[in-house]
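Kindly generate the complete structure, drawing on both the sequences and the hints.
Those sequence lines, one after another, are chains A, B, C and D. Letter by letter, the first sequence follows residues 1 to 507 in this note's numbering. Letter by letter, the second sequence follows residues 508 to 849 in this note's numbering. Letter by letter, the third sequence follows residues 850 to 1191 in this note's numbering. Letter by letter, the fourth sequence follows residues 1192 to 1514 in this note's numbering.
The hints are simulated quantities; they were obtained by calculation from the structure and are not laboratory data. It should be emphasised that the depicted structure is a prediction, and the values quoted were computed from it without experimental measurement. Among these hints, one or two may not hold up.
Heads up, simulated DSBU-like pairs for lysine-lysine below, C-alpha to C-alpha not over 30 Å straight-line [unchecked claim]:
1. A:184 with A:163
2. A:247 with A:390
3. D:1499 with D:1513
4. A:234 with A:255
5. A:330 with B:625
6. A:163 with A:113
7. A:234 with A:184
8. A:324 with B:627
9. A:220 with A:163
10. A:113 with C:967
11. A:234 with A:279
12. A:118 with A:163
13. A:247 with A:202
14. A:163 with A:202
15. A:330 with B:627
16. B:625 with A:324
17. A:202 with A:234
18. B:625 with C:967
19. A:113 with C:969
20. A:475 with A:202
21. A:386 with A:330
Given next are the chains, with one letter for each unit.
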Amino acid sequence: MVQALLEVRNIRKAYAGVQALDDVSLTVAPGEVHCLVGENGSGKSTLIKTVGGAVQADSGEIIINGTSFGSSISVIQSIRHGIQIIYQDLSLFPNLTVAENISLSQMIEQGEKLTNWKRIREVALRSLAQIEEHIDVDLPLDRCSMAQRQIVAISRALTQGAKLIIMDEPTSAITAEDVRRLFKAVRRLNEQGVAMLFVSHKLNEVFEIADSVTVLRDGKKVGDYQASELNQDKLTFLMSGQNLEYKPFQFDPEKEGAPLLLETRRLRKVNQFHDIDLKIHAGEVVGLTGLVGSGRTELALSLFGLNPPEGGDIVIDGSLVRIKGPEDAKRHGISYLPEDRHGQGLFGHQTIADNVVATVIDSLRGTTGLIDARRRDRIWQEWIDKLKIKTPSGHNLVSSLSGGNQQRVVLAKWLAVEPRVFIIDGPTIGVDVVSKARIHDVIQELARTGMGILVISDEVTEIMQVCSRALVMRKGRIVAEFTDLQSVQESEISQVVAGIDGSEVVA
Amino acid sequence: MKTSFPKALLARHETYLALIIILFSIVLANATTGFLTAGNLLSVMRGGAGLGILSLAFFVALVSGGIDISFPAIAISGQYIAIRAMLAFGINSIWAAFGISIAIGIAYGLFNAFLITKFKIPSMIATLATFNLYHGALLEFVGTEAVNVGRIPTSITEFGRMAIFRFETEQGPLGLSIFVVVWGAAIAATWFIMRRTMLGRGIYAIGGDAEGAKRAGFRVTRIRYFVYGYVGFLSGIMGIIHVSLIRFAQPNNIVDTALLRVIAAVILGGTAITGGRGTITGTTLGVIIIILLDRHLIMLGIPSAWTEFFIGIVIVVGVIATHLRMKISRVRRGELVVDRAH
Amino acid sequence: MKTSFPKALLARHETYLALIIILFSIVLANATTGFLTAGNLLSVMRGGAGLGILSLAFFVALVSGGIDISFPAIAISGQYIAIRAMLAFGINSIWAAFGISIAIGIAYGLFNAFLITKFKIPSMIATLATFNLYHGALLEFVGTEAVNVGRIPTSITEFGRMAIFRFETEQGPLGLSIFVVVWGAAIAATWFIMRRTMLGRGIYAIGGDAEGAKRAGFRVTRIRYFVYGYVGFLSGIMGIIHVSLIRFAQPNNIVDTALLRVIAAVILGGTAITGGRGTITGTTLGVIIIILLDRHLIMLGIPSAWTEFFIGIVIVVGVIATHLRMKISRVRRGELVVDRAH
Amino acid sequence: AREERTADRQFQIAMVVKVEGVAWFDNMRLGIEAFDREHADVRAWQTGADTADPAAQVRIIEDLIAQGVDAILIVPNDPESLVPVIERARAQGIVVVTHEASNIRNADFDVEAFNNLEYGAHMASVMAEWMGGSGLWQPFVGHLTSTTHNEWVDGEIAYLQQNHPNIVKANRRLEENENQQVAYERSLEILRANPNIRAIMGSAMSTMPGAAQAIEELGLVGRVAAFGTCLPSVAGEYVESGAAESFHFWVPADAGYVSANVAYHLLTGREITAGVDLGRPGYNSITIQNNEHGVPVIYGQAWMSVNKDNLDEWRNPDGSWKL
Ligand SMILES: Nc1ncnc2c1ncn2[C@@H]1O[C@H](COP(=O)(O)OP(=O)(O)OP(=O)(O)O)[C@@H](O)[C@H]1O
Ligand SMILES: Nc1ncnc2c1ncn2[C@@H]1O[C@H](COP(=O)(O)OP(=O)(O)OP(=O)(O)O)[C@@H](O)[C@H]1O
Ligand SMILES: [Mg+2]
Ligand SMILES: [Mg+2]
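Here's what the structure looks like:
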């Protein structure tokens, strides 16, 4: 057997109240694509951080290419031995150029004292070429798109002669096309002997790319598997210890006589969206899908008053309204769950409980003007239970939660408002499959209480699972509507999304 | 996860401040004769009221995630313009004094807010600039002439002598100065706003995360206007308190001494410079510590030239202590593992 | 996506600063007689060298994502201690002067870095505190006595008169002051560090994202020590430049005038107060604008009391202009739709 | 009620100056120390803040009151801001004597080296003579709020208007914040803006060296000269170089000594009337005039004029300056 590139033995790591890693071992062979899966808070990010030296394990052993580093390794050691980590926030420098972002780490690692601009550009260009990408390397990074930044981060890892590239949810913020491109690059790297360890909650990606899979549950290892011996259901079961069943949501507003809550008429804004006619009835879940950049977020933002449209009408309960700011939207019963939850929706320094009740604190005021503490505690406790937020206490700070659990806090916070129209942009980004299903249930439950919901998602599967009706947006226009999701194939919708069917007409 | 009563108390920054005050008072009471007299304590509080009011203003701005260092210029502008206007028009009413000073304070505060919200200038830069703008304008357009006690309107000097709960002692009549009453009212108002209104929650929210607060439906711009307007309002009040205390108006007063003390008091009081955290109790205890130090170093035989040096040390030690205490409690809660650099 | 040459130039903040300088110079040349003389320009540059050097220091601290407002106290400490030491030990050498002043500057700078990195005190608070600490210590432990021209060591006054490229004119001999040479050297050194060394890249990197810089392998703490040490180093140099310019040492000098001007110059120069962005060209142009304004208001018939007011306006207008320009270019790039609150 | 002095108790007399660390008040300290030495029953000392800040002065005086001194001598930064604290001091039986504050409201006595208007006229006459009776001049004050400086300038202007109508003021009085660097920069500027200026007249001690430096730098020595109030140690070098022509002052040590003596007289129950000799040159035959608030103001005739001719009289044998 070839010597393992990375071997992790019996790692333990405890945070107060949580055993984040409990006797976890892992082996990555050269050139393999190894996938780490598990529910939110199962310890994936923590394991990665231990290997990268960002977090010190309590006990265990880390061995790279036969060299043992004991239970903890420093960042520099880890890099020197060919381990490259790309964190969820990418750790890039918005104020530096693309070239610098790609090349600097290598210069540091080589102990360079002076900057050689020519080399910086060369290294960057070569590295981009390695994965067949073209970005203007003199551009400041803050002028690059999210997907470009992802590419920059990967290129950076490549510059350092990485033998193992570790990525924490690399695909949660980029388009399907970029994912494909990324995977192509990954395969090319594998051929060169570079191994990959990555975390993803999108199981189809796991099967597409992974050679082997390690499953974590509650900080313990469930087992190592060859990807070929698994399928989606089996993997879900290994992760969660339960099987999932999907309950498609059927709802016909006309049959039910459901009132029209929100309607837009020829809503438009230059360069963003055009002639949008949209209807949301009480009790239905409308899906809105499309490629990244197709204008969905901009549309949602304008319904929430954060991006005033330039023309067209918004009609709520039959009367024309103008929504000039979030407070207007709130007054009309519209809530919006933002897509980019990285810090935006959360008050990081406050407790989980405070965050959950932040939006409803007003309504908790009794006749005395004092806040009804008991009701408040009940509300956040209820939401922590409902969404299974993994924490020892609601009094902990939000920043102590794992990525997926932070997402749930945001969701809880907005759901607690109990709006009439709820716009959810990317409800399950970074959420594990099981919780995803759970969140879908919650959304459908809410719809049954008469709420009108608009779900924005890249994932057609998700749209099919949670919605009763779906719209597809392309280049700022609604190009298709699917009223009966039971009778269409996923691939049909995907083709419209990608524009492959050539149709510009409403189906 | 309820913590038991004494433990919860121990975890609070305010407890430590109170302990420092008690300890320092014991030292003072033993080392000097003049400290523990009703007369001294009442006079110390009277003298500290201005600082206390400005500290509340600074506290509110910090909690909102901003900073306002123009307040000394606002206070002196309110004061000096009010006095000069009263003299010019022959008005002699304490209400007019407060009215003019507060109006100017609010106007200047709103102008700060305008710069900060409209042009998104970082508040420190904006208020540093307006500090010079307001003070420069005062010197240039209003004048530099000092107004002495003889010319200060009598309503103002009388206001300075007003007291409630008067009682007679061997050293003469004592009472709780009206200044302390105004300070108390400012504390109560600020407490009510910060703890009991949505506006106050909004101030904390925008200090924690402005973008999130906006999405949560808080009217961020409006809240900022309130914050800086309120700083101006309190500064205007302090301007009149100050002139009725020293019975002399000169356009360089306040500007020269207030800034450092106020910052020291508020930081010591545990308000986070990064916004979103801080309590009124902490701020007020911080003010008391600074006043005690400032007024009694001499009693302890420490020359007054040391004050500047000493306040510097107090800020450094105070901030370090706050940092260490927070770190310990964060480690306890299991939050702090990856040490983030600032 | 290359932009064409003139367009790229138009997008740069520095272009606008240069235009302002040219415009202002034309106004001055037409409105006054004394402006466009070699003597005046050389003397203005000589007088501005100290401000220029301090601005470089402040610029570096801002780029690193920190701030250091203790530099006036550091500069005066270096200056005054150097002079007093030279007098006390009968040393008369410009090298000794620079040596002592720079040593003190670096030591103080490193102490700032210690507080900031070790205790994670926000740099603004830390340096506000040490400002008072350093200045208070100087007054308390070194003294307050002024050293007049007659007692200033001759090596220092001679240094102040040194010039290169001397030439004779009708108004007497002219030359490029040694101060300007030192300033130029400081610009070159800072440029080299910031643009041509990994250290410099590290300073920009930690200003952009300190956590990311740490992960990328930059030694963040070490870089911070360098930054504040460098601020101290430049401040120490400026201390000696200053005393050889005015031939008079008094421990309240510099402290009373430098802070506002330096901040105004650097901000005007387009350095982001939030760190990570800024250029040396911009900073130097900012310095030139401030010097031109400061030195020629009287020539334009604007009374000297206006200076403070005027610099306030310059900061406000400068920051607003920068903001608007940035906004426009962001809208052009299609970034700015959702207006984010700060 | 003043307490009786016991044999082992000395009179505590404290001088509070505007600001510590400037030559002027360093010299004043010598007078206070001399007085202390000469009187066994007196402990006299000098103190002051680091910045010319009225509030700091109030604080120092409050400290002194708390210490229970017998007399406080004050050179006020801002006479009016001291009113309440002087009131408090006197209520406790402390003698308060001010210097350079002829408009003080409630002190026991104020000591002036001379009448300010007369002094201004004297300085202007020296300047006018040098200018040959015509040309531009520029007066400076330390702060626009300073009474004394402004009175001197008033005296100068009045004298010139009456006697030399061809001598014209270039600009309204400029403020230099008692800061030599500011004086230097402002002088450079005003000289460039008005190439015809012949004289700069300083009031604060920092003006002359600053102005002289600017004159030297612009190569104007001989054509322009600095005048005003200053000390040999500060201005001597510039008089020698010709950038400054002459300067005037009263000896701060003497003023300090005399102020202490006034307090000592009062503490020991002696009366002070016109013609009394207070023990220092220029104060041998004082006049007394009540100001508008009824405070008796003691005037001497104690001004010194120094130029190239008598500069060396102010030098010690080792070459250093006496003052
Ligand atoms: N802040 C912005 N300023 C200007 N244009 C923008 C901005 N954000 C997005 N756009 C443009 O608006 C269009 C729609 O973008 P939007 O973010 O709404 O897409 P989306 O369908 O929501 O995609 P995603 O899946 O990334 O959320 C795109 O052409 C994009 O380039
Ligand atoms: N700094 C911290 N302080 C306290 N607890 C922490 C900290 N970081 C992680 N944890 C806890 O450790 C556990 C594992 O978290 P980790 O981030 O590794 O999960 P994850 O598997 O990456 O989840 P996700 O899929 O949501 O990203 C969680 O219970 C989390 O709350
Ligand atoms: Mg994670
Ligand atoms: Mg989107």
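Q.
I'd like to know which numbered hints this structure contradicts. Please list them from smallest to largest.
A. Checked against the structure, the hints that fail are numbers 4, 11, 18, while the rest are satisfied.
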